[in-house]
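**Student:** Using the sequences and the hints given, assemble the complete structure.
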Amino acid sequence: MATTTTQKAVLATVATAATVAAAAIALKRMRRARQLGTLPITSSDVSFAQTTTTTHSQSGNTLAWTKHSLVINGVPVVVLAAEFHPWRVPDRARWEAVLRLYKSIGLNAIRIYFHWGFHSPQEGVYHWDGNRDMDYLLTLCEELGLFVIAAPGPYICSETQAGGLPTWLVAKKDVRIRHSSADYSKLYDVQYNLHCREWFQAILPIIAAHQITQKSNGSVILLQIENESFENFMGIPLGSADDMRFLAKIARDCGIDVPLFHNDGFESGSWIARDEKYKDCGKSTFGLDLYSYDKYVVFAPTSNPTNLTGNADSNTDHSKWTEWEPKTVETAMDGMEKKVRGFGGCAATGPCSLLNFKAFYGEDYTRLMYDSSFAQGVTMINYYMGYGGTNWGTLGDPDVYTSYDYSACIREFMHLSGRGQTIRVKPSKILTTQRVSVGDKVAELAFMRNFSRDKKREYVVGLGVLEYKRSFIALGAYTSDTSGVHLLFSTAPVHVRTHVLVMGGEMAFQGEVWVTRGRGDLGASVKVIKEANASVVSFKGVYGWCAIATPAARENADHVPSELLVLALPEDELYKLAPVFEESYWTEANRAGDIIKACGNDPVSVTWGAYGVQHEVKRGVFEIEWQEGEDRVFALFAAGLGPHTHFGFEPFTIEVDAGNGHPLAGFPGLFVKRRQVPGIPLSALQTHSMGQFQPWSARTVDFDSYPWTPLTMSIKDSSVPVLDTIDLGYTAGHVVYKITIPLVLSLDTRNRTIIYLNKEHVIGGHTTYALQLQRYIIPRKKLNQSGVNTLYIMVESWGLNRQAFGWNDVRNARGIRHLKIESEPVGGSYAAFLFHRRVKFELEVAGVDWGGVAATGAHGGVAVLTLGAEKQPRWFQGSLRLSVPHGVRIPLRLHVSGPATAHVWIHGVYWQSIMEMEIVSKGFELSFKVLVYDGRRLESGDVADWVGLQVKGWEMESGAGQQSGAPGKGTLFATTREG
Numbered sequence: 001m002a003t004t005t006t007q008k009a010v011l012a013t014v015a016t017a018a019t020v021a022a023a024a025i026a027l028k029r030m031r032r033a034r035q036l037g038t039l040p041i042t043s044s045d046v047s048f049a050q051t052t053t054t055t056h057s058q059s060g061n062t063l064a065w066t067k068h069s070l071v072i073n074g075v076p077v078v079v080l081a082a083e084f085h086p087w088r089v090p091d092r093a094r095w096e097a098v099l100r101l102y103k104s105i106g107l108n109a110i111r112i113y114f115h116w117g118f119h120s121p122q123e124g125v126y127h128w129d130g131n132r133d134m135d136y137l138l139t140l141c142e143e144l145g146l147f148v149i150a151a152p153g154p155y156i157c158s159e160t161q162a163g164g165l166p167t168w169l170v171a172k173k174d175v176r177i178r179h180s181s182a183d184y185s186k187l188y189d190v191q192y193n194l195h196c197r198e199w200f201q202a203i204l205p206i207i208a209a210h211q212i213t214q215k216s217n218g219s220v221i222l223l224q225i226e227n228e229s230f231e232n233f234m235g236i237p238l239g240s241a242d243d244m245r246f247l248a249k250i251a252r253d254c255g256i257d258v259p260l261f262h263n264d265g266f267e268s269g270s271w272i273a274r275d276e277k278y279k280d281c282g283k284s285t286f287g288l289d290l291y292s293y294d295k296y297v298v299f300a301p302t303s304n305p306t307n308l309t310g311n312a313d314s315n316t317d318h319s320k321w322t323e324w325e326p327k328t329v330e331t332a333m334d335g336m337e338k339k340v341r342g343f344g345g346c347a348a349t350g351p352c353s354l355l356n357f358k359a360f361y362g363e364d365y366t367r368l369m370y371d372s373s374f375a376q377g378v379t380m381i382n383y384y385m386g387y388g389g390t391n392w393g394t395l396g397d398p399d400v401y402t403s404y405d406y407s408a409c410i411r412e413f414m415h416l417s418g419r420g421q422t423i424r425v426k427p428s429k430i431l432t433t434q435r436v437s438v439g440d441k442v443a444e445l446a447f448m449r450n451f452s453r454d455k456k457r458e459y460v461v462g463l464g465v466l467e468y469k470r471s472f473i474a475l476g477a478y479t480s481d482t483s484g485v486h487l488l489f490s491t492a493p494v495h496v497r498t499h500v501l502v503m504g505g506e507m508a509f510q511g512e513v514w515v516t517r518g519r520g521d522l523g524a525s526v527k528v529i530k531e532a533n534a535s536v537v538s539f540k541g542v543y544g545w546c547a548i549a550t551p552a553a554r555e556n557a558d559h560v561p562s563e564l565l566v567l568a569l570p571e572d573e574l575y576k577l578a579p580v581f582e583e584s585y586w587t588e589a590n591r592a593g594d595i596i597k598a599c600g601n602d603p604v605s606v607t608w609g610a611y612g613v614q615h616e617v618k619r620g621v622f623e624i625e626w627q628e629g630e631d632r633v634f635a636l637f638a639a640g641l642g643p644h645t646h647f648g649f650e651p652f653t654i655e656v657d658a659g660n661g662h663p664l665a666g667f668p669g670l671f672v673k674r675r676q677v678p679g680i681p682l683s684a685l686q687t688h689s690m691g692q693f694q695p696w697s698a699r700t701v702d703f704d705s706y707p708w709t710p711l712t713m714s715i716k717d718s719s720v721p722v723l724d725t726i727d728l729g730y731t732a733g734h735v736v737y738k739i740t741i742p743l744v745l746s747l748d749t750r751n752r753t754i755i756y757l758n759k760e761h762v763i764g765g766h767t768t769y770a771l772q773l774q775r776y777i778i779p780r781k782k783l784n785q786s787g788v789n790t791l792y793i794m795v796e797s798w799g800l801n802r803q804a805f806g807w808n809d810v811r812n813a814r815g816i817r818h819l820k821i822e823s824e825p826v827g828g829s830y831a832a833f834l835f836h837r838r839v840k841f842e843l844e845v846a847g848v849d850w851g852g853v854a855a856t857g858a859h860g861g862v863a864v865l866t867l868g869a870e871k872q873p874r875w876f877q878g879s880l881r882l883s884v885p886h887g888v889r890i891p892l893r894l895h896v897s898g899p900a901t902a903h904v905w906i907h908g909v910y911w912q913s914i915m916e917m918e919i920v921s922k923g924f925e926l927s928f929k930v931l932v933y934d935g936r937r938l939e940s941g942d943v944a945d946w947v948g949l950q951v952k953g954w955e956m957e958s959g960a961g962q963q964s965g966a967p968g969k970g971t972l973f974a975t976t977r978e979g
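The numbering of the sequence shown is UniProt numbering, which starts it at 1 and goes up by one.
Rather than coming from a laboratory, the hints here were simulated on the basis of the structure.
Don't be surprised by glycine CBs; every beta carbon is placed ideally from N, CA and C.
Hints may contain errors.
BS3-like cross-link-like pairs, simulated, lysine-lysine; straight-line CA separation at most 25 Å [said to hold, decoys possible]:
#  : residue 1 : residue 2
1  : K327      : K28
2  : K338      : K327
3  : K320      : K339
4  : K320      : K455
5  : K277      : K339
6  : K283      : K249
7  : K469      : K338
8  : K67       : K339
9  : K530      : K540
10 : K716      : K173
Label pairs and their in silico Cβ distance ranges [unchecked claim]:
#  : residue 1 : residue 2 : range
11 : H907      : D399      : 26 to 32 Å
12 : D942      : R674      : 51 to 57 Å
13 : Y184      : D45       : 28 to 34 Å
14 : A182      : E330      : 34 to 40 Å
15 : A813      : P681      : 51 to 57 Å
16 : E925      : E330      : 52 to 58 Å
17 : D399      : D91       : 22 to 28 Å
18 : Q58       : V677      : 46 to 52 Å
19 : A21       : D454      : 54 to 60 Å
20 : Y184      : N590      : 55 to 61 Å
21 : A869      : I715      : 40 to 46 Å
22 : E978      : S705      : 27 to 33 Å
23 : E330      : A21       : 41 to 47 Å
24 : V722      : N784      : 36 to 42 Å
**Tutor:** Take a look at the structure:
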């Protein structure tokens, strides 16, 4: 039968589609073959197995792993880590205080991004002193008992300028940064990796000296290579195998012998070590010892990836925001283990590792995501961030702000947030797979999560209540060491094994049990179910304690009763619950070490009642940080600690409890310590001035005094000047261009622009992240009709982009990107224009003569800094004398208001353009240098010619652990400390 015209068209379409599909497959295979590279370095050449023969004998430690966890000195270890960036903490004297808070919320490890650019201002130059002393930091971790996951990059992303790469490397335009090419693939660049080798040879010997395989009390347990360098992105070959090969080989050559891993951007199966016989496109693949990945689940509206496609401040209309959907979490989390194990290789045989975990939606969401991760067998998890800190200077990339608070476990002003407090209320240290523990103590864990579609509270079992979008881990099939009582299942969340639970709930036990004694409003009752050989104990109250025993134990009067002690706390007290766990690895051959070893997986102490408690067994330190209204701390101690002798605690007996009415009175082994330091009422602090500004000096910027240098012309086009500040040697801060006046010009600049005409008039200005050509018409009436008219174009760069994932944006031009002249200047061509530039303002500040000219803006606790009549940029210098009450810790912030722009230096440290930041005083006086500029006439008719400075405390929303949205609406955060 003859083929019709329509049939021929269909066949032609199918043939075309087949050809296109075949070409796409061929292109993908070609990219994959190119991606796999040619360097003669195999996975086994750099594997951990190759390092184990000699290193263990040097330190006496052993390091291994199973599919369930890391194993250190034969002991399985669950790695509970959080991110710490020392370069975002402006004073290394604060590192210990921050890391002690990490310990106080139950973390046993940190991940550190080591910032190449922070240490190397020039090629071949490295600084390791002061706030750059990484040997000191790693030693500090060892003293505090924190494992370290070291991440030296070379690329680290972390929303920092150039992703941590040094600016001198970015300026080498002939080097492909991260091997990036125009088609988003990686073309291996030998020169780039030779520079990376220089960095590794500088930093890795420092890290290597602190490995647990090299030092008896070393802290470094893992080393991360690169950062989110996808091998495949959505099925498209992307990363460079030769890059990973080279970096891994250099790491081993520099003495790194702990396991190597890479953090995949998400579960995409990147850099998995496989059997050497495995081939792809006829080539060997490459992988590292362990597989780990990042997890981004629910994004806050303002951090949604769709923002990257537009300009700044997208998705900021709060009225359009919606709640996060449980389905998003279910899709992202509930098949995670199956997917990762399905990759095979080391992903199937190693522990489930989630070493860059982000949760943006508050404390309940964070707790829920933790529980959902543990349900997927994760035993190595790193929370990003533990403490975010500050992007001081130009550390941050242009997409972020001076603050890197990150809504972290510890806020920028050192407040332990709801996230941190919720994380530390965690189950006992039982290694888990899906539901059954691994090791000597067998238990079953059920992961409870309420994602009901009707958004209502649900009753899980009996009296147990679980609210919408909340979770907990239920303990079952567990036999108590102290009583022999066998717990079948508990719908009451058990937060510290055998000791503490919260809210109402039920506990089912094997056989018959009795409630032998107790106190408070628990209302414990027992129902025996003979046919099931079980007893169900129900708790109706939320505050008190009881003892549970079998009839045989109760009737045995000749011995101490074998009881399971149950202590219940209301939610506000549980919020302050702080169990202290110590890893046996850190123990020494002394009394403290014996106590820690005897505790095993149990806590050495459990406290509640105060905002912050830090207990360090090895150093015999017990410190309490009080907030207003707190008057005592309760504690349970491991046997042998002698708390009443060492820390001023006394047993909390019925006799000690005045009035004989406290719900916890008489609980065996319970101790109490009453507050000794007096508190200062917050009502008094709320109105307390934090300091008085002293008189300021001021000087107006004189553009004519700058050392102007003619711009060179482009090599590609000799009629066009070089405008890009990266080519000019400046990567952040201000650059000023000087040009004889045309009548109309259009500018595309990054990131903020102000234009001055003849130093007398301000002509508009704009701010942009993306390509935005702004047209300026020079007003003729402002022109100088006799003589030369000059424009001073002041462009502020917010730094270099971070080259994340497959993007190649680190060299996005800064300063004037494009310049279009729409009217011919008098007496010459475009090429005859006189372009000039000057260096960044901050590089010339030290040489400024402040002149002692008194400004009139300083009065009391507020300083108003005003531009002169000519509206030129103006420098100010002054100080603030602090008056913080003695003995009270009040983190301070600098609040900047007003329509103009301010750049602030405090004690000589640059804070860039800011609205609020944490400040740390040195002594009782803060020194300031401030650059104020703008001068535009706003739509309101006002002139942007002033800023106001005020030093204030941090205000908190009640119970939320967050910064108050509006000044004066919250409670001042202040504490007193004793210990």
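**Student:** Next, verify each hint and record whether it holds.
**Tutor:** These are the hints, each one checked on the structure:
no. : hint                      : verdict
1   : K327 <-> K28              : 33 Å, violated
2   : K338 <-> K327             : 18 Å, holds
3   : K320 <-> K339             : 34 Å, violated
4   : K320 <-> K455             : 20 Å, holds
5   : K277 <-> K339             : 23 Å, holds
6   : K283 <-> K249             : 19 Å, holds
7   : K469 <-> K338             : 24 Å, holds
8   : K67 <-> K339              : 15 Å, holds
9   : K530 <-> K540             : 23 Å, holds
10  : K716 <-> K173             : 14 Å, holds
11  : H907 <-> D399: 26 to 32 Å : 27 Å, holds
12  : D942 <-> R674: 51 to 57 Å : 56 Å, holds
13  : Y184 <-> D45: 28 to 34 Å  : 29 Å, holds
14  : A182 <-> E330: 34 to 40 Å : 39 Å, holds
15  : A813 <-> P681: 51 to 57 Å : 56 Å, holds
16  : E925 <-> E330: 52 to 58 Å : 55 Å, holds
17  : D399 <-> D91: 22 to 28 Å  : 26 Å, holds
18  : Q58 <-> V677: 46 to 52 Å  : 47 Å, holds
19  : A21 <-> D454: 54 to 60 Å  : 45 Å, violated
20  : Y184 <-> N590: 55 to 61 Å : 57 Å, holds
21  : A869 <-> I715: 40 to 46 Å : 44 Å, holds
22  : E978 <-> S705: 27 to 33 Å : 56 Å, violated
23  : E330 <-> A21: 41 to 47 Å  : 33 Å, violated
24  : V722 <-> N784: 36 to 42 Å : 28 Å, violated
Going through the hint list in order, the structure does not satisfy hints 1, 3, 19, 22, 23, 24.
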